[in-house]
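Q: Which chain is which? The protein sequence lines are A, B and C, in order. Under numbering that gives the first Met the number 0, the first residue of the first sequence is numbered 0, with each subsequent residue one higher. Under numbering that gives the first Met the number 0, the first residue of the second sequence is numbered 0, with each subsequent residue one higher. Under numbering that gives the first Met the number 0, the first residue of the third sequence is numbered 0, with each subsequent residue one higher.
Keep in mind the hints are simulated off the structure, nothing from the lab. Worth double-checking, as some hints may not be accurate.
Keeping only pairs whose Cα atoms sit at most 27 Å apart, straight-line, the calculated DSS-like set for lysine-lysine is [unchecked claim]:
#	chain 1	residue 1	chain 2	residue 2
1	B	19	A	83
2	A	59	C	297
3	A	83	A	59
One-letter residues, chain by chain:
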Amino acid sequence: MNRAAEGTLLQVEHLSMRFGGLLAVDDVSFEARTGEITGVIGPNGAGKTTVFNCLTGFYKPTHGRLSLHRDGEVYLLEQMEGHKIAQDARVARTFQNIRLFPRMSVLENLMVAQHNRLMVASGYTFLGLFGAPSYLRAEREALDLCRYWLDRIGLTEFADDQAGSLPYGGQRRLEIARAMCTQPVLLCLDEPAAGLNPRESGELSELLVAIRDGAGSDGQKIGVLLIEHDMSVVMRISDHVVVLDYGRKISDGSAEEVRGDPNVIRAYLGEEEDEELPPEVVADLTQHGGETRP
Amino acid sequence: MAATTLPGAREDSPLVALLKDAGIAAAIAFLLALPLMGFQTLDSGTTVDLQYRFHWVAIATVGVFFGRIVFTLLYRRAGAARSKAPGIVGQGMARVGEGLGRFLVPAFILFALILPFLPFADRREIDLATYVLIYVMLGWGLNIVVGLAGLLDLGYVAFYAIGAYSYALLAKTFGFSFWLCLPLAGILAAFLGILLGFPVLRLRGDYLAIVTLGFGEIIRVILVNWQPVTGGPNGISGVPRPTFFGLPFTNDPAEGETAFHEFFNLDFASLHRFVFLYYVILALVLVTNAVTLRLRKMPIGRAWEALREDEIACRSLGINPTNTKLTAFAIGAMFGGFAGSFFATRQGFISPESFTFIESAVILAIVVLGGMGSQAGVVVATLFLVLLPELAREFAQFRMLIFGAAMVLIMVWRPQGLLAHRAPTVSLGPGSGGSR
Amino acid sequence: MEYFTQQLINGLTLGSIYGLIAIGYTMVYGIVGMINFAHGEIYMIGAFIGIITFSLLGAVGITWVPLAILLVLIVSMFFTAVHGWAVERIAYRPLRGSFRLAPLISAIGMSIALQNYVQIIQGAKIKPMQPVVRGNIPLMEANGFQVNISYLQIIIIVLTIALMAIFSLIIARTALGRSQRACEQDRTMASLLGVNVDRTISLTFVMGAALAAVAGVMVTMYYGVIDFFIGFLAGLKAFTAAVLGGIGSLPGAMLGGMLIGLIEAFWSAYFSIEYKDVAVFGILVVVLIFLPTGLLGKPEVEKV
């Protein structure tokens with residue numbers, strides 16, 4: 000398990016997270032690869048968001064190793080500070096409850112995401128204060144990237160509006176675009192389709208596939224890690240699905256494999272359902288994101 | 000108070016409800032007024048005697064009764080008007096502010112530039128204007144910390160004090176000139192800001208507020224008690240006055256020196272020094288504003304504002320919260336230090352008296368009243384909070400009472416401040432379809 | 000050793016007073032999550048009402064000391080509580096749900112206003128009071144140094160412990176205490192379940208103010224002088240005590256108060272009296288940095 004296979008971007012090994020007496024994540028291992036969308040699903044309280052918070056430095060894992068492979072370097076995420084993970088390992092994320100800068104404009108939100116690059120270009124503010132040409136050029140390039148993403152998510156005409164005044168779907172898209180403006184190699188999305196209508200979640204699926212294939216990162220493919228409840232989205236676009244239940248990994252494979260896995264069906268439908276359900280029923284249930292639990 | 004009926008009130012006819020509500024308010028006012036207004040403690044040696052002032056209680060009670068009725072009626076009418084035209088008033092105000100700003104700001108700067116030559120401007124007026132500008136400078140310095148970066152600093156006066164004392168000590172001990180001491184004082188204050196900020200900036204907002212308040216008090220206590228250096232409660236007197244590039248503003252310059260009026264072949268007038276001081280602070284203020292406006296449009300400035308909005312999101316975007324906060328703290332402290340050394344040279348005398356918590360509170364109130372993050376707001380608020388009380392000296396006794404009450408009322412009525420409009424720091428520019 | 004014991008007794012007395020004020024900070028912080036900056040002023044008002052009532056009782060002719068103290072305590076607690084209630088109603092309630100720092104700024108304004116209000120209506124001079132309780136019990140004597148505990152110190156410490164016990168019982172056993180604990184955990188949910196949140200918060204302020212009034216009366220009797228400015232420093236120190244003990248925790252406030260009192264007494268005795276305030280603030284800073292949840296506080300998990 001130690002040597003990463005070709006194309007492996009993120010390697011999660013024996014990750015455990017304990018809060019007091021609660022073992023929220025229990026010995027979970029999986030991989031995410033460049034150019035793939037990895038879906039992480041599971042019933043409420045399965046530990047999905049906790050995994051994300053460990054990955055992005057908001058929690059220090061009790062146990063385990065999180066290694067990110069980028070340009071031949073290995074970054075051990077569990078040892079890095081939160082902002083370093085975004086800055087050096089280039090892991091970006093969105094949040095379950097949208098976290099924009101609500102009173103700043105849409106454009107400013109995207110500019111803030113390019114902070115580190117612009118800070119260097121502005122000579123840590125000293126050169127920029129006097130309008131150094133290198134800074135002005137960097138600022139133009141940053142604006143170009145913003146322009147690209149605004150166009151991509153259809154918010155160009157709202158560029159100067161307060162981010163907090165956007166409709167819900169717009170805010171979701173803006174948060175993804177903002178994460179992409181950090182030019183990540185791994186994008187972690189925490190329930191991006193929550194609260195979207197079917198048309199919007201269809202558009203979201205297309206956007207995520209395009210991001211995976213290198214939209215906005217000069218054609219360079221990146222990895223996407225996706226927590227989602229909307230099964231129609233997960234099953235349609237995930238190249239690879241990891242299923243968590245009670246903090247443990249219970250299944251791992253392609254969407255079809257996972258869908259047929261008796262462990263998964265039991266997790267979603269309850270322990271007493273010993274009989275395997277007919278495939279049509281399973282498909283129907285998962286299609287509707289049925290999150291039932293006895 | 001909002002026009003909600005108090006808990007426990009049953010559904011009554013409007014008039015009865017109104018009277019009942021006012022009655023309750025009056026009853027509470029009576030209870031509040033009775034012990035403290037009704038009896039005044041008089042000094043008589045080792046114990047206190049009481050003087051009875053029940054008419055005050057009566058006045059307060061009746062006043063609140065009718066005040067409450069009037070307030071409720073007005074509030075209802077305002078509420079009805081607002082529900083008819085939601086948002087329009089605020090938006091309109093913001094737009095008017097924006098339009099006026101384009102015209103008012105240059106006019107204001109022009110006025111400030113020619114002020115000493117205006118017919119009504121005499122020594123007192125120019126000195127007062129200088130005094131106001133010191134607070135504008137302090138307000139802008141703190142605005143970076145509180146308004147932009149969202150760090151509630153209740154000990155800002157510490158940096159003001161550091162600036163003042165470093166100027167006084169450097170100039171008196173080493174004979175450094177004002178223009179050499181000014182940057183040194185600023186650097187010292189910024190350094191202290193980093194030193195103090197580093198351990199505490201990771202604290203949550205309200206904890207940070209209390210810790211900075213504690214720091215402000217620690218600095219003051221040290222100033223009072225470190226007799227050999229700071230002169231203790233007596234302070235430092237004879238702080239060197241500024242010179243015009245080496246030309247002193249005195250009638251009888253020392254041997255081998257040329258005084259300002261001699262050099263320019265003028266008659267000696269003490270006014271010269273006041274005008275000069277005025278222009279020094281005006282220049283400092285304008286530089287402060289220019290730098291701040293520039294910083295706001297730079298990555299660091301946007302990061303400050305982003306940090307104020309959501310620190311967790313900032314971390315997820317790779318922004319180092321501690322460093323970003325430290326820069327805001329240090330730059331704010333530096334401006335405080337500049338203002339402090341100017342204060343010292345203007346007064347010629349400094350003591351810990353000038354650097355109490357109340358100063359911090361006044362500066363904070365300027366920032367908050369103006370609208371956090373608004374540069375123009377600071378100017379307007381300074382005129383309200385510093386100039387008005389100076390002009391209305393007869394009410395000096397009530398100054399701080401009104402001041403405190405105003406802080407509460409502004410928070411309740413308009414928590415976002417007087418000029419809350421915030422223009423984006425960047426836009427896509429013409430031709431891209433970004434600006435509507 | 001004798002000197003040490005004497006300082007211990009003095010420190011515990013002072014600590015009781017800080018502890019009583021600190022409870023007000025800790026309860027309010029626990030339930031609304033704000034620092035009631037004006038609480039020090041409430042304590043100062045309690046002291047003023049206390050001294051006025053003492054004078055009034057003297058004028059009326061009630062001179063039996065236990066009865067006088069009891070009446071003064073009741074009157075001061077009642078009227079100070081009204082002030083506490085009014086402060087919450089005017090300055091904080093309209094700001095519930097506003098941005099984070101708004102109530103704190105409003106509280107600072109309230110504090111300045113109250114301080115100057117009292118200065119204007121009662122005068123800026125120091126108010127002296129004749130000692131009400133005299134006499135003390137010698138505990139030990141050696142090398143010509145006598146260790147005393149005064150009756151007043153006994154009253155202060157015993158009263159503090161008694162009040163502490165009563166309030167702990169209120170919070171642990173009564174419906175009001177249950178509502179308070181519910182609001183502390185989740186205000187929205189509590190209101191959905193029929194807890195009158197406004198009333199509960201108001202009563203929290205009332206309780207805090209009543210305890211601060213007791214502290215104010217005790218301080219008046221202990222030092223024999225008060226002025227309109229005593230609330231600022233005492234408030235700051237009591238807040239430090241609340242943080243040291245773990246904000247939100249009632250026993251923590253008491254413990255923190257005692258520790259601050261002891262530190263202040265010993266620092267003044269063995270190091271320098273001028274820098275005792277620096278010592279207290281230094282401790283505040285150190286505690287907040289290294290032990291932000293205090294001695295008895297619960298750790299806070301960051302929600303992302």
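Q: Run through the hints listed earlier and report the numbers of any the structure violates, in increasing order.
A: Checked against the structure, the only hint that fails is number 1, while the rest are satisfied.
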